[in-house]
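Protein chains in written order, with my numbering: chain R, 1 to 186; chain G, 1 to 294.
It is worth saying that the hints were derived from the structure and are not from the lab.
Fair warning: this is a prediction, and the values are worked out from it, not measured in the lab.
All C-beta atoms in this analysis are idealised placements derived from N, C-alpha and C, irrespective of residue type, glycine included.
There could be a bad hint or two in this list.
To be clear about the criterion: a stretch of chain G counts as covered by chain R if any three or more of its residues have a C-beta under 8 Å from a C-beta of chain R, and this derived list gives those stretches [stated by the list, open to error]:
1. 40 to 48
2. 68 to 75
3. 122 to 135
4. 178 to 185
5. 229 to 242
Under the rule of at most 20 Å between Cα atoms (straight-line distance), these lysine-lysine pairs were calculated in the PhoX-like manner [claimed, not checked]:
6. Lys118(G) x Lys200(G)
7. Lys73(R) x Lys41(R)
8. Lys145(G) x Lys112(G)
9. Lys189(G) x Lys214(G)
10. Lys130(G) x Lys171(G)
11. Lys145(G) x Lys2(G)
12. Lys50(R) x Lys281(G)
13. Lys41(R) x Lys189(G)
14. Lys140(R) x Lys189(G)
15. Lys281(G) x Lys147(R)
16. Lys270(G) x Lys145(G)
17. Lys214(G) x Lys50(R)
18. Lys189(G) x Lys148(R)
19. Lys270(G) x Lys73(R)
20. Lys2(G) x Lys95(G)
21. Lys147(R) x Lys116(G)
22. Lys148(R) x Lys118(G)
23. Lys189(G) x Lys2(G)
24. Lys128(R) x Lys140(R)
25. Lys270(G) x Lys23(R)
26. Lys95(G) x Lys118(G)
27. Lys281(G) x Lys145(G)
28. Lys128(R) x Lys73(R)
29. Lys214(G) x Lys146(R)
30. Lys153(R) x Lys200(G)
31. Lys50(R) x Lys189(G)
32. Lys200(G) x Lys214(G)
33. Lys140(R) x Lys145(G)
34. Lys146(R) x Lys270(G)
Take a look at the letters that make up each chain.
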Amino acid sequence: MAKLVDQMSSAESTKDVYRLEQKMLQQMQEQITDQCLQCVKCTAGCPAMKLLELHPHEVMALFNLGFTEELLKSDVIWTCITCFKCKERCPQKVAPVDVILLLRSIAVQRGMPLPAGFAGVLQALMDKGIIQEPVEVLLKSVNTGKKKFTDRKGCGLPDASRPKDVEKFKDAFMNALTQALAEEGA
Amino acid sequence: MKYALYLGCAITTEAYSYEMSARETLTRLGAEFVDLPGYSCCGVTVRSINPFAFLYLAARNIAIAETTGLDIMTFCTGCRMTLLEAKHVLDHNAKMRERVNAVLASEGLEYKGTSKIKHILELLHDDIGKERIQNALVRTFNGLKVAPHYGCHAIRPSAVGAQDDAENPQKLDDLIRWLGAEAPRYPQKLDCCGAPLLLKNDNAGFTMAGQKVKAIQEGGLQAMVTICPSCQKMLDTQDICGRTIGANLSLPVLYYTQLLGLAMGIDPDKLGLGMNVSPVKQLVEWKGPAAASA
């Protein structure tokens with residue numbers, strides 16, 4: 001995975017990446033400076049607040065005050081469930097979830113460690129385009145009570161769909177992964 | 001009601017009972033599906049890693065589906081949200097669409113934006129509808145109290161396309177009532193299943209699932225229905241989420257299409273009910289509220 005992150009972060013010249021990154025952060029900050037009222041409606045409904053102490057309004061405030069580096073290094077940006085309640089409920093139509101997802105992708109682009117679960121999914125997608133090979137599932141027949149492991153065929157389902165030419169898919173996916181997060185002038 | 005069927009990873013590789021029950025019930029109700037070759041993951045996880053690669057993955061699947069000239073049907077709420085979000089960006093940002101198409105070209109694909117993206121909830125509620133569903137029933141679940149679990153990504157973010165009210169969804173409630181069952185209001189209705197937390201904080205994810213099942217069980221509801229493979233897996237495997245919160249959980253949790261299939265008189269094994277972990281057999285044998293309390 002270190003290799004992958006290296007490849008992704010060295011995609012374009014560091015200077016260009018940095019410039020685009022700053023631009024995205026700046027755009028997002030301007031949006032929040034103008035809009036976020038710190039009404040705490042996002043945090044009030046946040047499912048990750050209850051269990052993992054994610055306070056989306058604090059993320060917004062810290063981001064707005066320029067504590068970007070601190071947020072990028074913090075585990076807190078990886079506790080969001082992406083339930084999108086904050087996006088739905090914000091009276092000002094600014095979404096903490098959008099800021100959190102932007103911070104995550106910038107952290108990855110900078111080569112900061114990707115949580116193991118995310119890294120595993122990414123590796124699987126790069127290898128085969130889907131999260132896992134079709135698995136065998138334990139089936140206990142409702143009619144007969146007999147237990148057995150079964151697969152798609154045993155369930156009477158068509159063969160699993162997947163990229164036909166995996167090498168071509170890999171190249172295209174890698175191409176996408178190594179491109180800048182946003183375009184110039186976006 | 002002919003659709004290009006995009007199943008996504010979870011259903012293709014694991015949630016066979018969802019696919020079995022959905023195909024069995026929906027085709028009997030008049031829906032037709034064209035299976036798509038060569039699709040990949042929708043990109044839901046990649047959203048946190050690289051927004052451009054996320055757009056590419058979603059667009060790739062939409063582009064494959066668009067070659068059929070049909071609208072796209074998803075059974076998974078995660079795929080629904082991901083494809084809709086990507087479509088929203090690509091339909092409104094010509095420059096981004098150009099960039100994505102430049103990458104898609106190596107596989108001979110092109111995102112055009114011609115197909116709509118729909119989810120099974122809309123298909124059942126809006127396209128098939130009450131009359132067709134009720135005409136197909138051979139039995140009802142009168143008196144059965146069922147908790148509808150929508151799943152976050154079935155109803156949010158509404159900015160990219162809403163199939164139901166994001167704060168007070170009703171369509172799955174309706175679908176339950178059309179089977180003769182009750183769908184009482186319950187306070188945890190909008191609570192998340194916790195599945196996305198498995199990538200980083202799995203204990204918190206299982207806690208979330210366990211707390212929801214526990215609350216529903218203690219509230220006197222007798223079953224829960226889902227419309228997403230990830231939600232179903234979290235809420236159905238109650239040994240894990242029960243152990244996490246130190247509770248003894250035993251609530252039947254099944255896909256809506258499995259409950260519908262039972263009401264349509266379809267063989268439970270054809271609905272994949274033998275793959276559910278929670279005690280769904282009591283619904284197969286359900287004889288009405290009096291028998292259940294006896």
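Hint by hint, here is what the structure shows:
Given as covered by chain R, the segment 40 to 48 of chain G passes the check, having 6 residues with a CB less than 8 Å from a CB of that chain where 3 are the minimum. Requiring three or more residues with a Cβ within less than 8 Å of a Cβ of chain R, the coverage given for the segment 68 to 75 of chain G is violated, as only 0 such residues are present. Note: the segment 122 to 135 of chain G has 0 residues with beta-carbon separation from chain R under 8 Å; the three-residue rule is not met and the coverage is violated. Interface restraint, the segment 178 to 185 of chain G with chain R: violated (0 residues with C-beta to C-beta distance below 8 Å; minimum three).
Counting residues of the segment 229 to 242 of chain G whose C-beta sits closer than 8 Å to any C-beta of chain R gives 0, which falls short of three, so the coverage hint is violated. A distance of roughly 30 Å separates the Cα atoms of Lys118(G) and Lys200(G); the hinted pair therefore is violated under the 20 Å criterion. With a C-alpha separation of about 25 Å, the suggested pair Lys73(R) and Lys41(R) falls outside the 20 Å cut-off, and the hint is violated. Distance restraint check for Lys145(G) and Lys112(G): the Cα-Cα separation of roughly 45 Å exceeds the 20 Å cut-off, and the hinted pair is therefore not satisfied.
The suggested pairing of Lys189(G) with Lys214(G) holds, with an alpha-carbon distance near 13 Å, which does not exceed 20 Å. Taking the CA atoms of Lys130(G) and Lys171(G), the gap is about 11 Å. The hint holds against a cut of 20 Å. A hinted pair counts as satisfied when its Cα atoms are at most 20 Å apart, and Lys145(G) with Lys2(G) does not qualify at roughly 33 Å. Restraint check: the Cα-Cα separation between Lys50(R) and Lys281(G) comes to about 34 Å, which exceeds 20 Å; the hinted pair is violated.
Annotation: proposed proximity of Lys41(R) to Lys189(G) holds, straight-line Cα distance about 19 Å (limit 20 Å). Of the supplied pair hints, the one linking Lys140(R) and Lys189(G) is violated, its CA atoms being roughly 30 Å apart against a limit of 20 Å. Pair hint Lys281(G) plus Lys147(R) holds up; C-alpha atoms about 15 Å apart against a cutoff of 20 Å. With a C-alpha separation of about 24 Å, the suggested pair Lys270(G) and Lys145(G) falls outside the 20 Å cut-off, and the hint is violated.
For the proposed pair Lys214(G) and Lys50(R), the alpha carbon gap of about 17 Å is at most 20 Å, so the pair holds. Restraint check for Lys189(G) and Lys148(R): the C-alpha separation of about 35 Å exceeds 20 Å, so the hint is violated. Taking the CA atoms of Lys270(G) and Lys73(R), the gap is near 50 Å; set against the 20 Å cutoff, the hint is violated. Our distance criterion of 20 Å between C-alpha atoms is broken by Lys2(G) and Lys95(G), whose separation comes to about 32 Å.
With a C-alpha separation of about 41 Å, the suggested pairing of Lys147(R) with Lys116(G) is violated against the 20 Å cut-off. For the hint linking Lys148(R) to Lys118(G), the alpha-carbon distance of about 35 Å lies beyond 20 Å, and the restraint is violated. Proposed proximity of Lys189(G) and Lys2(G) is contradicted: the alpha carbons are some 32 Å apart, above 20 Å. Distance hint between Lys128(R) and Lys140(R) is unfulfilled; the C-alpha atoms sit about 30 Å from each other, more than 20 Å.
Note on Lys270(G) and Lys23(R): the hinted pairing is violated, with a Cα-Cα distance of about 54 Å set against a maximum of 20 Å. Taking the CA atoms of Lys95(G) and Lys118(G), the gap is about 25 Å. The hint is violated against a cut of 20 Å. Pair hint Lys281(G) plus Lys145(G) holds up; C-alpha atoms about 16 Å apart against a cutoff of 20 Å. Only pairs whose Cα atoms come within 20 Å are accepted, and Lys128(R) paired with Lys73(R) is rejected, the gap being roughly 31 Å.
At most 20 Å may separate the alpha-carbon atoms for a hinted pair to count; Lys214(G) and Lys146(R) exceed this at roughly 30 Å. Our distance criterion of 20 Å between C-alpha atoms is broken by Lys153(R) and Lys200(G), whose separation comes to about 33 Å. Of the pairs offered as hints, the one joining Lys50(R) and Lys189(G) holds, with about 16 Å between alpha carbons and a cut-off of 20 Å not exceeded. For a cut-off of 20 Å, the pair hint linking Lys200(G) to Lys214(G) is broken: about 23 Å separates their Cα positions.
Distance hint between Lys140(R) and Lys145(G) is unfulfilled; the C-alpha atoms sit about 26 Å from each other, more than 20 Å. A C-alpha spacing of about 15 Å is found between Lys146(R) and Lys270(G), which places the hinted pair at or below 20 Å, so the restraint holds.
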